[in-house]
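Engineer: Since the structure of chain E is provided, determine the placement of chain B on it from the hints.
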Amino acid sequence: MSIRSTFTAPKNYNTIAWTFMAIGLLSIIGLWVTSGSSTDPKEQARFWASLLQNSVFFLLIVNASMFFVCITTLAWGGWQMSFRRVPEAISAVVPVMGVIAAAILLSIVFGDNHTIYHWTDVEHVKHDEILSHKKGFLNKTFFSVVTILTVVLWSLLGWKMRQLSRSIDDEPLATMEERKKYIFKNTVWAALYIVVFSLTVMSSLPWLWLMSIDAHWYSTMYSWYTFASTFVSGMALIALFVVILKNNGYLEYTNNEHLHDLGKFMFAFSVFWTYLWFSQFMLIWYANIPEETVYFQPRAHGIYKGIFWFMFIINFIAPLLILMTRSAKRNYGTITFMALLIIFGHWLDFYQMVFPAVSPNKVPNIIYDLGVALGFVGLIMYMTGRALAKAPLLARNHPFVKESLIHHT
Amino acid sequence: MAKKKFIVGNFTDEAVLFPAVKKVRRAGYKLHDVFTPFPIHGLDKEMGLRDTSLHTAGFIYGITGTSTAVGFITWALTIDWAINFGGKPYFALPAWIPVTFELTVLFAAVGMVLTFCWLCQLAPFVKKDHFNPRSTDDTFVMAIECTSSTNEAEAIQFLQAAGATDVKVETKETGWWLGSYANDKMRFEK
Chain E
1 MSIRSTFTAP
11 KNYNTIAWTF
21 MAIGLLSIIG
31 LWVTSGSSTD
41 PKEQARFWAS
51 LLQNSVFFLL
61 IVNASMFFVC
71 ITTLAWGGWQ
81 MSFRRVPEAI
91 SAVVPVMGVI
101 AAAILLSIVF
111 GDNHTIYHWT
121 DVEHVKHDEI
131 LSHKKGFLNK
141 TFFSVVTILT
151 VVLWSLLGWK
161 MRQLSRSIDD
171 EPLATMEERK
181 KYIFKNTVWA
191 ALYIVVFSLT
201 VMSSLPWLWL
211 MSIDAHWYST
221 MYSWYTFAST
231 FVSGMALIAL
241 FVVILKNNGY
251 LEYTNNEHLH
261 DLGKFMFAFS
271 VFWTYLWFSQ
281 FMLIWYANIP
291 EETVYFQPRA
301 HGIYKGIFWF
311 MFIINFIAPL
321 LILMTRSAKR
331 NYGTITFMAL
341 LIIFGHWLDF
351 YQMVFPAVSP
361 NKVPNIIYDL
371 GVALGFVGLI
381 MYMTGRALAK
391 APLLARNHPF
401 VKESLIHHT
Chain B
410 MAKKKFIVGN
420 FTDEAVLFPA
430 VKKVRRAGYK
440 LHDVFTPFPI
450 HGLDKEMGLR
460 DTSLHTAGFI
470 YGITGTSTAV
480 GFITWALTID
490 WAINFGGKPY
500 FALPAWIPVT
510 FELTVLFAAV
520 GMVLTFCWLC
530 QLAPFVKKDH
540 FNPRSTDDTF
550 VMAIECTSST
560 NEAEAIQFLQ
570 AAGATDVKVE
580 TKETGWWLGS
590 YANDKMRFEK
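Chains as they are written, first to last, in this note's numbering: chain E, 1 to 409; chain B, 410 to 599.
Next up, chain E with everything else stripped away, as it sits in the complex (with noise of 0.2 Å):
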């Protein structure tokens, strides 16, 4: 197969894509027959909590790409420039998936059904001491705005961000006093994003998406540990892509050298995701105070128990070992396997976490889940082709282009 220069999709790519994106609406309209319509608060809780789960995780995983875009920009980094197209394109999905996430949230927000965010409800938070101590964070006003903020920001930093990289795609930048001005600003770009993003992912946004469903219950490590979550599942996103793409005959100079690049980040974060889910265990277990292990009580030894261990096995476990030796981590077969297992093991992570509060006393059925998560990944897939296509895979005049292409481990 000869290599190109420009993405095309290939034959069955958009076709997969819709077959996924078709079976994703099916759940849905499953999940609304079964549970949505009906006249149960914590029936609908059920349908608003999967697509709630869904959203907000491939919501920040394909942000998390953009993360990386900018903080590689940040350390001057040069090895990702080979492939740095993938990861700009999976970022484009922001602006979209980010209004699909708002919308559900802010519905859920503003919705008659406070089973999900129980601090909606402003007549129970009057009599609920722990509650109306935290009225000045959880508020509907200061939800919506934060929200709304974050999704136009991060869309519009990444949006400026690749357009920095196509702008010098036809001129070339003559001199070195140009080439420095460009990093310069690259870096100043990325540097409003990463302030942007810390201030977001890393601090407030889980607290206020995921953690307020355990409105009673907090957690400082939280975000971090979401952080770590969704950026180990991106990074298994952006290599995800590269294989693909590889296979098809594209990205012509990025190598097993890059894709052991990606491989040392899938397995770094792995451990550091650890680091982060047990600082946060050990502390609540061993105070052992009932206001902190309401939390871990349905995750650890109750009805969630299978799903929690399970889910610690896959993010810990598997690769830790798998992704140990250097002859793993340059293997296009094993690096697909455990980027899946990553995205798959992340994503029940973020199922454990909304689950449990909604639905405390009976596991609901992953079936219809795992098919909304379909859904979203074909989204996904054909948004970020479709960005692809618009720009040449090599942003050929870039300063540090050289590096990556000699890039040696």
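Quick caveat, the hints were computed from the structure, so don't treat them as lab data. Be a bit skeptical, because a hint or two may be false.
Claimed, not checked - BS3-like mimics (lysine-lysine), calculated; alpha carbons at most 27 Å apart, straight line:
{"no.": "1", "chain 1": "B", "residue 1": "K497", "chain 2": "E", "residue 2": "K305"}
{"no.": "2", "chain 1": "B", "residue 1": "K454", "chain 2": "B", "residue 2": "K414"}
{"no.": "3", "chain 1": "B", "residue 1": "K454", "chain 2": "B", "residue 2": "K497"}
{"no.": "4", "chain 1": "E", "residue 1": "K402", "chain 2": "B", "residue 2": "K431"}
{"no.": "5", "chain 1": "B", "residue 1": "K454", "chain 2": "E", "residue 2": "K246"}
{"no.": "6", "chain 1": "E", "residue 1": "K126", "chain 2": "E", "residue 2": "K42"}
{"no.": "7", "chain 1": "E", "residue 1": "K402", "chain 2": "B", "residue 2": "K454"}
{"no.": "8", "chain 1": "B", "residue 1": "K497", "chain 2": "E", "residue 2": "K264"}
Structural biologist: Below, chain B without anything else, positioned relative to chain E:
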């Protein structure tokens, strides 16, 4: 150990060194080693060295550390001296994870440093022969071992043609010894 005869050449440029290594190996000379002041990516592959087994050793040391920690704490806190800490079970695994982690790292790190020294034959008071002291400063030094079938004059010419300067035939100790560099002093001062 054994004293052997070597043909030693200096290189100042990586771009010359890499093709030279390839040429020397292709011509059938016995490449003893290349000494460089800093690690050069890809040189090990070019020289045909196998991957180091240091990581495997590190993994084994790490596992040893993990099992030592878990084994010892389990024995101490459940069998030998079982104490109830704050109503926790005797076998309180989460509380031991930090210690287990630290011991894993400690065993792996110390073990790998010692193994590295062993593999490189480094230790206090252990002395080894230098091929050319400039390999610790600014040049890459290549040493070709002379076998019974090596024509020395021809080999010197070959190395010079490959871009080496300061090519010499020298007799060097390949092993290590305990003691001083008394012999070296004489050698460097001449």
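Engineer: Now look at each hint and say whether the structure bears it out.
Structural biologist: Now the hints, each set against the structure:
{"no.": "1", "hint": "B:K497 to E:K305", "verdict": "holds (20 Å)"}
{"no.": "2", "hint": "B:K454 to B:K414", "verdict": "holds (25 Å)"}
{"no.": "3", "hint": "B:K454 to B:K497", "verdict": "violated (54 Å)"}
{"no.": "4", "hint": "E:K402 to B:K431", "verdict": "holds (25 Å)"}
{"no.": "5", "hint": "B:K454 to E:K246", "verdict": "holds (25 Å)"}
{"no.": "6", "hint": "E:K126 to E:K42", "verdict": "holds (22 Å)"}
{"no.": "7", "hint": "E:K402 to B:K454", "verdict": "holds (22 Å)"}
{"no.": "8", "hint": "B:K497 to E:K264", "verdict": "violated (37 Å)"}
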